[in-house]
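S.K.: Protein chains in written order, with the numbering used here: chain A, 1 to 284; chain B, 285 to 573.
Worth double-checking, as some hints may not be accurate.
What the hints assert, rightly or not - 25 Å max Cα-Cα, derived BS3-like pairs, lysine-lysine: (1) A:LYS7 x B:LYS467; (2) A:LYS175 x B:LYS472; (3) B:LYS286 x A:LYS7; (4) B:LYS467 x B:LYS388; (5) A:LYS162 x B:LYS292; (6) A:LYS3 x B:LYS467; (7) B:LYS286 x A:LYS4; (8) A:LYS162 x A:LYS175; (9) B:LYS472 x B:LYS388; (10) B:LYS467 x B:LYS384; (11) A:LYS4 x B:LYS388; (12) B:LYS286 x A:LYS162; (13) A:LYS175 x B:LYS467; (14) A:LYS3 x B:LYS286; (15) B:LYS384 x B:LYS292; (16) B:LYS472 x A:LYS7.
Derived by calculation from the structure, the hints in this document are not laboratory data.
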Amino acid sequence: MNKKLLKQTIFFQIFRMTSALVILFLFVMIWTFISNGIGVISWTFLTDMPKRGMTEGGIFPAIVGTVYLTLGAIVFALPIGVASAIYLVEYAHEGRLVRIINSAIINLAGVPSIVYGLFGFGIFVVFLNFGTSILSGSLTLFIMILPTIVSASREALLGVPKSFREGSLALGATKWQTIRHMVLPYALPGILTGAILAVARAAGETAPIILTAVFFFRPSLPRSIMDGTMALASHIYYMATQHHAINLVRPLTYGSVLVLLSIVLSLNILAIVIRTRYRRRKNW
Amino acid sequence: MKEFLIEKFLFASSIFSIIVVTLIFLLLFSQGILGFREISIIDFLFGQTWQPTSLVKAEFGTVPLVYGTAVVTSIAMAISVPVGIAIAVYIAEIANPIEKEILKPIVELLAGVPSVVYGFFALVTLATWIQQLTGTNSRLNALNGGLILAIMVIPTIVSLAEDAISSVPREYREGSMALGASKWETIKNVTVPSAAPGILAAVLLGFGRAVGETMAVLMATGNAAVVNFNILDSVRTMTATIVIETPEVAFGSLHYHALFGVALLLFLITFVFNYMAGVIMRRYGRTGR
Numbered sequence: 001m002n003k004k005l006l007k008q009t010i011f012f013q014i015f016r017m018t019s020a021l022v023i024l025f026l027f028v029m030i031w032t033f034i035s036n037g038i039g040v041i042s043w044t045f046l047t048d049m050p051k052r053g054m055t056e057g058g059i060f061p062a063i064v065g066t067v068y069l070t071l072g073a074i075v076f077a078l079p080i081g082v083a084s085a086i087y088l089v090e091y092a093h094e095g096r097l098v099r100i101i102n103s104a105i106i107n108l109a110g111v112p113s114i115v116y117g118l119f120g121f122g123i124f125v126v127f128l129n130f131g132t133s134i135l136s137g138s139l140t141l142f143i144m145i146l147p148t149i150v151s152a153s154r155e156a157l158l159g160v161p162k163s164f165r166e167g168s169l170a171l172g173a174t175k176w177q178t179i180r181h182m183v184l185p186y187a188l189p190g191i192l193t194g195a196i197l198a199v200a201r202a203a204g205e206t207a208p209i210i211l212t213a214v215f216f217f218r219p220s221l222p223r224s225i226m227d228g229t230m231a232l233a234s235h236i237y238y239m240a241t242q243h244h245a246i247n248l249v250r251p252l253t254y255g256s257v258l259v260l261l262s263i264v265l266s267l268n269i270l271a272i273v274i275r276t277r278y279r280r281r282k283n284w
Numbered sequence: 285m286k287e288f289l290i291e292k293f294l295f296a297s298s299i300f301s302i303i304v305v306t307l308i309f310l311l312l313f314s315q316g317i318l319g320f321r322e323i324s325i326i327d328f329l330f331g332q333t334w335q336p337t338s339l340v341k342a343e344f345g346t347v348p349l350v351y352g353t354a355v356v357t358s359i360a361m362a363i364s365v366p367v368g369i370a371i372a373v374y375i376a377e378i379a380n381p382i383e384k385e386i387l388k389p390i391v392e393l394l395a396g397v398p399s400v401v402y403g404f405f406a407l408v409t410l411a412t413w414i415q416q417l418t419g420t421n422s423r424l425n426a427l428n429g430g431l432i433l434a435i436m437v438i439p440t441i442v443s444l445a446e447d448a449i450s451s452v453p454r455e456y457r458e459g460s461m462a463l464g465a466s467k468w469e470t471i472k473n474v475t476v477p478s479a480a481p482g483i484l485a486a487v488l489l490g491f492g493r494a495v496g497e498t499m500a501v502l503m504a505t506g507n508a509a510v511v512n513f514n515i516l517d518s519v520r521t522m523t524a525t526i527v528i529e530t531p532e533v534a535f536g537s538l539h540y541h542a543l544f545g546v547a548l549l550l551f552l553i554t555f556v557f558n559y560m561a562g563v564i565m566r567r568y569g570r571t572g573r
C-alpha cells in the first residue's frame with residue numbers, strides 16, 4: 001500500500017513539475033521581452049514615424065496598420081459570423097445541409113494561416129486586382145477569423161435556455177423579434193468574448209498579411225483601404241530577419257514585440273475576464 | 285416580409301463558409317494543376333531538389349520541404365504530446381482549485397501569443413541556448429524550430445484533452461476507487477483510457493496546427509532546403525517556402541503554380557488530419573465514452 005502511494009506521489013509531482021515548467025517558459029519569454037524592450041518604449045516610439053531607414057524613430061504607421069487591418073476584418077466577420085450562427089441555432093433543421101456547413105466551419109478552422117494568405121493573394125490581390133492593400137488583407141483575415149466567431153456565437157446562443165424563446169413566442173412575438181429581444185441580449189457576452197479573441201488573433205497574424213497587405217517600409221500613413229500599409233506583426237518579422245542592420249535595430253524590435261504582445265495579451269485577458277464574470281452572474 | 289428577408293440573409297451567411305472552403309480548394313487546385321503541365325507529378329512529389337529560381341535548370345522537387353516539415357513536426361509532437369497530456373491530466377484530475385484557476389488561463393494565454401512573437405523568441409533566445417548546449421554551427425536549425433513549435437502546440441492539446449478527460453463520467457472513477465485502486469491507478473487505468481478518443485482527436489488537431497504553423501518555424505529553422513538527417517542542421521518547411529517565395533514570384537510563372545502546388549499539398553494534409561479528428565469526436569461524442 002505504501003509503495004502504491006509513493007508511486008502516486010512521484011507521478012503527481014512529475015505532472016506538477018511539467019505544468020510548472022510551461023508556466024515558467026511563458027514568464028521567461030515575457031520577461032525577456034519586457035527587460036529588453038521596455039527601454040525603447042516611450043510616447044514618441046508609439047506616435048512617431050520610423051526614421052533613418054527604420055533605425056530610429058517610432059512605429060506609429062505599424063500600429064495604425066494593425067488597427068485598420070483588424071477593424072476591417074472584424075467589420076466583415078462579426079455580422080456574417082453571428083448571422084451564420086443564428087441561422088444554424090435558431091432556423092436550420094438537422095440535416096445534410098447543416099452537417100455540410102458544420103464540417104465546412106471545422107475545416108476552415110483547421111486551414112493553416114499561410115494557405116489563407118496564398119488564397120487571399122490569389123483571389124483579392126491578383127484576381128480581383130485589389131493589389132497589396134488594406135482591403136485585401138482585411139478580407140483575408142476576415143475569412144480566417146470567421147470560424148472562431150461562428151463557433152463562439154453558436155455556443156453562446158445554445159447557452160440561452162429554450163424557455164426564454166418559448167415565453168416570447170407564446171406572447172405573440174415573431175421569431176425574429178424573439179431572437180432580437182430575448183436571445184441575442186443574453187448571448188451577447190459569449191459573442192463578445194469570441195469577437196475579442198478573434199481580434200487578438202487577427203492582430204497577431206503575420207503570414208497572411210505579408211502576402212496580401214503589407215510593405216517592408218512605407219513612409220506615409222495609408223490614406224484609403226486600397227493603400228498598402230505597415231503592420232506590427234510583419235514589422236517584427238522584417239526587423240528581425242530582413243533589415244540591413246539587424247543588430248542595430250534589435251532594441252527597436254524588442255520594443256515592437258512588447259507593444260504587440262501587450263495588445264494581444266490584454267485582449268486575451270479581457271476575454272477571460274468577461275467570460276468568468278458572465279458565467280458567475282448567469283443564474284438561470 | 286421583413287422576417288423572410290432576415291431569414292434569407294442569415295441563410296446566405298451560413299452558406300458562406302461552404303463557398304469559402306470550396307473556393308480555397310478550387311483556387312489551389314486550379315492554380316496548382318497548371319504547374320503540372322510542365323512539372324511531372326512524380327518529380328514534384330519525389331524530386332530531391334527545390335531550386336525554383338535556378339537559371340540553369342529550375343527544379344521543383346518538394347522532398348526537402350516535406351522533409352523539413354516532417355522533422356520539425358516530429359520533434360514538436362514528441363515533446364508536446366506527453367507534456368500536453370500530462371498537463372491536461374494534472375488540470376482535470378490532480379490540481380487543487382487554486383492551481384486550476386492559475387493553469388487554465390495561462391494555457392489560454394500561451395495559445396494567444398502570436399506566432400511571430402514565438403518566432404522572435406526562438407531566433408534570439410532559444411537558438412542561443414541550443415547553441416550553447418550543443419555547440420552546433422548552424423544557430424538556426426530543426427531542433428530550434430521543433431522546440432518552439434512544441435510550445436505552440438501544447439495549448440491546443442491541453443485544452444482539448446482536458447475537455448475529454450473532464451467529461452469522463454464520475455461513476456467510472458468512483459467505481460475504480462471503490463475497488464481499492466489508488467487515484468493514480470484510476471487515472472492510468474480508467475480515466476485516461478476512457479478519454480482516449482478525445483485525447484487522440486486533440487493530438488490530431490495539434491498535429492494539423494504544427495504542420496501548418498508558419499512564422500515561428502520560418503524564423504527558427506534557417507530555411508535551407510536540404511536533407512541532412514541531422515536535427516542540428518537547418519531545414520526549410522513547406523509553409524516557410526510559401527512565405528519566402530510568394531512575394532517575389534512572377535505572376536503566372538511555373539514557380540507561381542508550383543507554390544500553389546505546395547499549398548495544395550499542405551491543405552490536403554491538414555484537411556485529412558482535421559477530418560480524422562472530426563470523425564473521432566463525432567463518433568465518440570465529446571464525452572470521451
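S.K.: What hints, given by number in increasing order, does this structure fail?
M.R.: 2, 3, 7, 11, 13, 14 and 15
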